[in-house]
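We have chain W; now place chain H with the ligands onto it with these hints.
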Amino acid sequence: METILLPHLGQYPLQVGLFLDVQNARYLRQQLLDGNTEFEYAFLDAAVLLSREHVLAACFRAINDILQGRMKSKNVHSEIVFSLSPNNNISECFRRFGVGETTKNIVAIKVDNNASQIQEHLQNHVQGQIVPFTDETLASLRDEARVRKAYKVDSSSNEEAEAFIIGSMALKGS
Amino acid sequence: MPRALSITTHNASLGEAPLTPEWHSRTVASETAAHKMSFTAVPTASNSYQLNDSNEVQPLHSLPPPFTTTSSPGQTSSTKLIRQGAEALLYYTHFLSPSLPCALKYRPPKSYRHPILDKRLTRARILAEARVLVRCKREGVSVPAVLGAGWEEGWIAIEWVNGSTVRDAIFGRKTWRQENQASYEGGEKDLVGLMHKIGCAVGKLHQVGVIHGDLTTSNLMLRPTVSGAEGGEEPSATSAATPFDGTITLIDFGLAAQSSQEEDRAVDLYVLERAFGSTHPEVEHLFPEVLKAYGESYKGAKVVLRKLEDVRMRGRKKSMIG
Ligand SMILES: Nc1ncnc2c1ncn2[C@@H]1O[C@H](COP(=O)(O)OP(=O)(O)OP(=O)(O)O)[C@@H](O)[C@H]1O
Ligand SMILES: [Mg+2]
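As given, the protein sequences belong to chains W and H, one line each in that order. Under the working numbering, the residue at position 41 of the first sequence is numbered 41, and the numbers go up by one with no gaps. Under the working numbering, the residue at position 234 of the second sequence is numbered 234, and the numbers go up by one with no gaps.
To be clear, the hints were calculated from the coordinates, so they are not data collected in a lab. Hints may contain errors.
Keeping only pairs whose Cα atoms sit at most 27 Å apart, straight-line, the calculated DSSO-like set for lysine-lysine is [to be verified]:
(1) H:Lys119 <-> W:Lys72
(2) H:Lys119 <-> W:Lys172
(3) W:Lys152 <-> W:Lys72
(4) W:Lys149 <-> W:Lys74
(5) W:Lys152 <-> H:Lys204
(6) W:Lys104 <-> W:Lys149
(7) W:Lys104 <-> W:Lys152
Calculated Cβ distances over 10 Å to all of chain W for the following chain H residues [said to hold, decoys possible]:
(8) Ile82
(9) Arg83
(10) Ala86
(11) Leu100
(12) Arg113
(13) His114
(14) Ile116
(15) Lys137
(16) Ser164
(17) Phe171
(18) Trp176
(19) Asn180
(20) Ile251
(21) Gly277
Derived list of chain H stretches under chain W, where covered just means 3 residues or more per stretch with a C-beta under 8 Å from a C-beta of chain W [as the list claims (entries may be wrong)]:
(22) 123-134
(23) 197-203
(24) 258-271
Every residue gets a Cβ at the ideal spot worked out from N, C-alpha and C, and that includes glycine.
Excised from the complex, chain W in its bound form:
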């Protein structure tokens, strides 16, 4: 697990964990659907994530939008998932970027400063191998076709495409 402080939003530490080969995605998804308050996390499907920057851009947008009174979903964690989406369709967004029944690799994020408690809770409930949250690992887990479809781009593996995607996320709803 890693604690990430976003520049300018350092009061809202992010606890981030990347889990490989998750065996109980269905269970995790069910906890979110049930609104289990012990599971206030953004669970992202790593297959559609490009880089740390991509994920952090969604976190920044979500927290900042909430601070400015512009929350579009239920809470900061659903807002992070929503911020990854290039459009305003919330259910499509959760289908594309959130944990699904067959999701294999998951990025779990919680906006909170209690690092050890969160790590313990996640390790108790996510059946997967926790590994460092790096660009290299994210790149190896990516499903190009799904990224291309989600963001309507021709290619997703170059810097230009990533910059376009991050820019589109920043301008969503404008």
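Structure of chain H with the ligands alone, referenced to chain W:
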């Protein structure tokens, strides 16, 4: 008070962030003063004015939220004012990660405009600039990335381009040549190469349907090419063969527009030609090299060059009358 985050943090008081920064454009410091100031945004809420040498009242700039929250426990980077234009303030800071430098462009409220109109104008300008940049990214034009935007608050976070402006590179050419005598080949080959790169960059921009609107040599930057990456020339001990190495990257799209009109494209070129004439008269004779490369850069460019002749004529007539 905005809806609070339902999370546990050390009580970050949102109420502290001034939503309408005190700003009076009538009292802005002169450009030179702004340059001298190495401004670090530390909130001094109680005293929003300070006296300068001449006892004139100068405004202290307030950054828009969330950038106003400085001196927080998690603060990992400082924010410095580096330029104060008539419309926008440009800060150097970091975004998303302490290792990702960015240019934060902020258009503060103008107290002499009606607040609703002002908000609408600011929003439109922020979005116009951001949309053109994102569009350029999609089309593969070399521009900095948009990392974030707050159109209601008036800011846009743009990737920081390392390297120098073309303006500074041309001004620094003489010094560069003195310092790099060994690798200097002579003549004006380096300048010709620069002109070609500029012509191609502007051509590419026009090709994708964007007009820059303010083409000057300060709005063109030379982004160092990352050596070792795909397809670059092998770096050697004397790899910096000219003072103009790097990829031309266009910045400052504050006046940009989407258009494919020959007339608009020609005016864009004319503005650049005039900028060379006034800022770099010693290299103006090489401007035709820009046009040569431009003319070859996309289908339809030749027509624009013919249009440029009309635009020049009009320019001349105007200056004769005015
Ligand atoms: N993304 C960037 N990366 C690096 N430097 C930048 C960037 N954006 C701006 N600058 C620097 O700041 C200067 C002014 O920026 P910019 O042109 O965007 O603002 P402006 O208010 O329109 O200024 P001006 O009126 O002088 O054109 C540039 O000439 C350049 O030196
Ligand atoms: Mg400029």
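(request) Find the hints from earlier in the document that the structure breaks and name them by number, from lowest to highest. (result) 11, 15, 23 and 24
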